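Given chain P's structure and the hints, the job is docking chain E onto it.
As a plain string of letters, each chain reads:
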Amino acid sequence: MVLGISDPWISAAYVGCILATLLCVVYGILNWNKGDEEEQAQVSEEIKWHEKEKEMEEKELGLWDEEDY
Amino acid sequence: MDLFILSIVVLIYLLMVGYVGYVAWKRTKSSEDYLVAGRNTHPYIMALSYGATFISTAAIVGFGGTAGVYGMGLLWLTFLNILVGIFIAFVFFGKRTRKMGHNLNALTFPEFLSKRFNSRFIQYFSGIVIFVAMPLYASVVLIGMARFVETTLGINYTFALVAMAVIVAVYVIFGGIRGVMYTDALQGTIMFFGMGFLLVFTYWLLGGVIHANELLSGMSAMIPKAAAATGATGWTSMPITGSPFWWTLVSTLILGVGIGVLSQPQLVVRFMTVKSNKELNRAVLIGGVFIAMMTGTAFIVGALSNVYFMQHSGQLAIQAAGGNADKIIPLFISAAMPLWFAYVFMIALLSAAMSTLSAQFHLQGTALGRDIYQTIARKTGGSSVRVARIGIVIAVVIAVILGLILPANIIAVGTAMWFSLTAVAFLAMYVCALFWKRTTKEGAIAGLVVGTFFTAFSYLFINQKAAEALGVCKALTGKVVIATAMPWPTVDPLIVGVPLAFILTIAVSLLTKAPERELLEKTFKEV
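Protein sequence lines correspond, in order, to chains P and E.
With the numbering used here, the residue at position 6 of the first sequence is 942, and numbering never jumps.
With the numbering used here, the residue at position 35 of the second sequence is 44, and numbering never jumps.
Just chain P, with the same shape it has in the complex (with noise of 0.2 Å):
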């Protein structure tokens, strides 16, 4: 009986999910701080390509003038 629970494959579930969360609390904590590296370089692509969606819209639809939103 693990955690009071007779069949060891019920137990495994219940011990496997409180693993499963550490597993990602501990991936969550290690890589807190990883993965903008290139948000810089990413966040100029986003301004250009912002300014030629929005050049875009406007040119062929007129999209800008609605009060849609």
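None of these hints come from the bench; they were simulated from the model.
Values in this document were obtained by computation on a predicted structure and should not be read as measured data.
There could be a bad hint or two in this list.
Said to hold, decoys possible - Here are the computed lysine-lysine pairs in the PhoX-like style, where the Cα-Cα straight-line distance is at most 25 Å:
| id | chain 1 | residue 1 | chain 2 | residue 2 |
| --- | --- | --- | --- | --- |
| 1 | P | K988 | E | K534 |
| 2 | E | K35 | P | K984 |
| 3 | E | K35 | P | K990 |
| 4 | E | K104 | E | K287 |
| 5 | P | K984 | E | K450 |
| 6 | E | K450 | E | K534 |
| 7 | E | K35 | P | K970 |
| 8 | E | K534 | E | K483 |
| 9 | P | K970 | E | K534 |
| 10 | E | K483 | E | K104 |
Only chain E this time, still in chain P's reference frame:
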């Protein structure tokens, strides 16, 4: 329960949600804001929005009640929810989806797939699948909420159903996904504390973790005869392998939702709302803890409610709930928890329902506006947002109608059906889109179309629980299902459908001309 106090609590809550929705609405300026929140969402907001969207009243009330019948075996679903639904989804799928979605400038899940494979058909076909099938899932979430209101407050079920639908529709129509995600995060926080208390209090009430689990283990001889005949062995032990009870638990309830989560359109779109992988890394931690607390609590408490009801009324949970598993959790809350908690839980459930419903309605709106209307009519911008809003109204009306006509014990089954359908229809195409450059448009379409029709046919004519609830087979042939040879009526279509879709997608891809290099270079830039 005092209706006056409750009205005040609900009013304060709605004002808070309204305020957050208003702030988001003020910031919603473009159609990109409306569809993917301008792609710069904070990790806390993203993770809780993902979690709160994923977990609804269907998970808490529907699956929690189902755990009252099927027992703690459902904890395998919690395990998959954390490992697959959070860890694998964020780390392996989320990062690629974010970058590729950005490279392709995709704003919805069908649009992502259609641009990846350069096929407009994929976009509107997926849009139609979503628009047609989603109302079932949306309606069971509504039912979950309405059942709780009905059981704890004695308010009319129909009134509760309609009122909920109207409240959610209003703020989705105005706020778009930014409104949806901001309110989600607020609602996720409330849900987390509500469920945390429920777990601790239930174990405290029943004498501690080990003692309570032991009491439940000791009840295995009391399993209802009908359940035992189909393979059930107790609430803390797995059913007999290969029995109908086992197939329903493992294939429909555990695998359906456990695997189906990877290709949920309303969840995938959230990956596209963050700026960099850093947000996703942080979201793994927040999302993992959140999902563990939500589903773990619902399933443990659902199963343990049997101990409580046996001690206090000499009945099993399902008997106390009059045979409707959807009523087990509401009944347990009103019977076993302190009164003040019933108010808090009401708000937590309202949050769970609203966060999922808002995403569902938003998704159906964008499916109609952007994926179907805009792709077929070749119009962009303002008019598609208008059609999206009309789509939301249609979606709400259908969900309410279904909420009134669907039978009892439907919440978990309805949820699992939606998850299975999306897994069979989209998973093969989505996995190949992300990880296999050789996938062709024809391969993707083969898996999508065959998978969709295979699942629809199985649910209408072969799978017993689904066919019974939908009633189409009965109306056409006079029989509940067309094939009665075991175990097929209890096997979820996903067991055959997902491998089938993968085989078709891969085989057809290999038989057709490789995709253009230019498209691949653009799609996989910096991935």
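Hints violated by the structure (listed by number, smallest first): Of the numbered hints given earlier, those the structure breaks are 5, 7, 8 and 10, listed in rising order.
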